[in-house]
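The whole structure should be built from the sequences, with the hints applied where relevant.
Residues per chain, in single letters:
There are 2 protein chains.
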Amino acid sequence: MRVMVIGLGSMGMGVALSLVRAGHMVFGVDPRAEACTEILDAGATDAGPNGAAFAEDTEAVVVLTVNAEQVRSVLFGEEGIVRLLPTGIPVMVSSTVSTEDARDFGARLEQTGHLMLDAPVSGGPVKAREGAMTVMAAGPKAAFDTLAPVLAAVAERVFRISDRIGDGAAVKVIHQLLAGVHIAAGAEAMALAARAGIPLDTMYEVVTNAAGNSWMFENRMRHVVDGDYAPRSMVDIFVKDLGLVTETGRTLQFPLPLASTAYTMFASASTAGYGQWDDSAVIKVFPGITLPGDRME
Amino acid sequence: MRVMVIGLGSMGMGVALSLVRAGHMVFGVDPRAEACTEILDAGATDAGPNGAAFAEDTEAVVVLTVNAEQVRSVLFGEEGIVRLLPTGIPVMVSSTVSTEDARDFGARLEQTGHLMLDAPVSGGPVKAREGAMTVMAAGPKAAFDTLAPVLAAVAERVFRISDRIGDGAAVKVIHQLLAGVHIAAGAEAMALAARAGIPLDTMYEVVTNAAGNSWMFENRMRHVVDGDYAPRSMVDIFVKDLGLVTETGRTLQFPLPLASTAYTMFASASTAGYGQWDDSAVIKVFPGITLPGDRME
Chain S
1 MRVMVIGLGS MGMGVALSLV RAGHMVFGVD PRAEACTEIL DAGATDAGPN
51 GAAFAEDTEA VVVLTVNAEQ VRSVLFGEEG IVRLLPTGIP VMVSSTVSTE
101 DARDFGARLE QTGHLMLDAP VSGGPVKARE GAMTVMAAGP KAAFDTLAPV
151 LAAVAERVFR ISDRIGDGAA VKVIHQLLAG VHIAAGAEAM ALAARAGIPL
201 DTMYEVVTNA AGNSWMFENR MRHVVDGDYA PRSMVDIFVK DLGLVTETGR
251 TLQFPLPLAS TAYTMFASAS TAGYGQWDDS AVIKVFPGIT LPGDRME
Chain G
1 MRVMVIGLGS MGMGVALSLV RAGHMVFGVD PRAEACTEIL DAGATDAGPN
51 GAAFAEDTEA VVVLTVNAEQ VRSVLFGEEG IVRLLPTGIP VMVSSTVSTE
101 DARDFGARLE QTGHLMLDAP VSGGPVKARE GAMTVMAAGP KAAFDTLAPV
151 LAAVAERVFR ISDRIGDGAA VKVIHQLLAG VHIAAGAEAM ALAARAGIPL
201 DTMYEVVTNA AGNSWMFENR MRHVVDGDYA PRSMVDIFVK DLGLVTETGR
251 TLQFPLPLAS TAYTMFASAS TAGYGQWDDS AVIKVFPGIT LPGDRME
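So the sequence lines, in the order shown, correspond to chains S and G.
Here the first sequence is numbered in the numbering used here, starting from 1 and rising by one per residue.
Here the second sequence is numbered in the numbering used here, starting from 1 and rising by one per residue.
Among the hints, erroneous ones may be present.
To be verified - Beyond 12 Å from chain G on every Cβ pair, some chain S residues (computed):
1. ARG21
2. MET25
3. PRO31
4. THR45
5. GLU56
6. GLY80
7. ASP104
8. GLY113
9. ASP167
10. GLU218
11. GLY227
12. ALA230
13. THR264
14. ALA272
Said to hold, decoys possible - Listed next, the stretches of chain G that the computed footprint assigns to chain S, with coverage defined by at least 3 CB atoms under 8 Å from CB atoms of chain S:
15. 205-217
16. 250-262
By construction, these hints were calculated from the structure, which means they are not laboratory data.
All C-beta atoms in this analysis are idealised placements derived from N, C-alpha and C, irrespective of residue type, glycine included.
Right under this line is the structure:
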């Protein structure tokens with residue numbers, strides 16, 4: 001298949017590499033020349049800053065930009081690809097966006113005779129490169145069917161949520177509620193341990209062997225124990241994602257006490273200058289403690 | 001060894017049964033006659049409502065009462081056992097108590113010439129019955145040494161935190177911060193899913209296969225999906241434990257935004273009449289949603 005991948009960040013690059021490896025013809029799209037060079041070197045058919053150049057030759061599109069504004073721009077903006085995309089082509093939107101934005105994209109694509117798969121992803125950059133992402137997808141059967149070869153190449157697991165565009169986005173946003181709260185809770189627990197004079201490596205070992213553990217605690221609090229804040233995923237990503245969570249709460253008029261609190265913690269960490277640090281650096285919002293040294297290697 | 005177990009609730013009964021099974025002579029102490037009958041039937045040497053009756057024959061004590069007030073009463077109250085306990089006997093305090101209370105017990109036991117092990121436990125009733133608890137212990141080497149046969153009988157894993165009484169309590173309290181926040185976060189996520197029209201079993205399956213998972217989410221949100229609130233552990237236990245967490249924050253003058261929020265959620269659920277329900281019933285604080293039926297079997 002001839003697949004256009006828009007957004008060659010850590011997740012999009014992984015998707016593009018997995019598609020090349022699976023034998024597909026890949027058009028990579030990213031404003032950064034070095035990302036285009038990387039995917040060309042890996043065997044992509046073509047790459048460049050503007051997807052319009054490849055749109056007429058494309059059989060499927062995967063969008064993995066950072067946010068909804070970028071999705072809107074690359075699909076429907078002045079240089080957007082949809083106006084040039086042959087009718088019936090499926091567009092898999094895998095950026096993390098709100099339910100409302102996903103529905104908006106779906107309605108616009110329907111108007112122009114294109115299929116949308118509302119298909120956020122999870123798993124992180126390593127899994128993306130292995131073609132082993134988790135995809136939580138919603139959309140019409142035709143979108144699932146035509147995108148089947150793409151999904152097979154990039155995902156270890158595809159959750160078929162429903163046929164209702166927006167449900168994929170909702171599941172991802174709710175998942176991020178948990179992910180963000182768990183990182184912030186891990187930071188709160190480790191900060192309290194530091195304050196109470198409990199060695200952080202001991203605290204880490206107890207929790208990771210007990211019922212208080214979470215995937216995020218185990219993965220991210222290791223960075224705190226090591227004093228290593230080189231960003232695997234950044235504080236600002238959770239400012240964005242927990243922002244989407246609280247926005248969802250407002251839209252549904254629904255109280256989200258923990259997510260709102262965690263959002264405040266990540267926003268505080270970002271404002272204090274830690275936005276580009278590893279997301280475990282949300283622990284820096286806690287005063288009056290001494291933590292293992294701040295390496296940024 | 002002749003071991004007195006004070007408090008034959010779900011955890012204490014498990015400890016007593018494990019000690020019997022390991023060949024120790026067990027004195028069971030609980031105000032409830034049916035608990036005494038159960039441990040006698042299982043092979044305990046003696047059992048009754050007052051530990052004073054067995055104190056002079058006891059070589060080690062394990063306390064697993066519900067809270068610190070009960071620990072204080074059974075050890076140092078009018079009918080307390082310490083005044084009758086031979087010098088040098090170790091007392092393993094495994095109730096969840098504050099660091100301050102643990103230190104107070106340690107100081108009093110030191111005055112009377114007894115050893116204390118500050119040894120909270122984790123793992124739940126099933127693991128307790130299997131002799132497979134996790135113990136997070138602090139105290140002098142002599143306490144660890146003399147209690148070694150007891151620890152071997154009841155624990156799968158013993159974390160030796162430090163020799164400083166109070167550190168075991170602190171680690172347990174910090175662990176409960178995570179456990180409580182994770183249950184409340186799981187409830188918040190599932191409530192939002194219900195509000196957004198996402199089937200709860202789908203949401204559960206996605207999360208338990210992704211980075212948003214936690215031990216508590218996987219264990220407790222199953223109950224929400226099944227609509228089954230028969231109490232394995234109750235809402236009121238987390239009102240107590242998160243109360244200890246926030247008390248610890250006050251004592252150390254340390255902000256605990258997530259734990260304080262989660263405490264409010266559990267306290268609200270308790271006040272609304274769900275105190276004796278499974279702790280996953282904290283989800284009942286969320287209005288405007290329909291959940292799977294409320295069974296209490």
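Hint check:
no. : hint    : result
1   : ARG21   : holds (23 Å)
2   : MET25   : holds (30 Å)
3   : PRO31   : holds (28 Å)
4   : THR45   : holds (32 Å)
5   : GLU56   : holds (36 Å)
6   : GLY80   : holds (29 Å)
7   : ASP104  : holds (16 Å)
8   : GLY113  : holds (27 Å)
9   : ASP167  : violated (6 Å)
10  : GLU218  : violated (10 Å)
11  : GLY227  : holds (19 Å)
12  : ALA230  : holds (18 Å)
13  : THR264  : violated (7 Å)
14  : ALA272  : holds (14 Å)
15  : 205-217 : holds (count 12)
16  : 250-262 : holds (count 10)
The structure shown violates the earlier hints numbered 9, 10 and 13.
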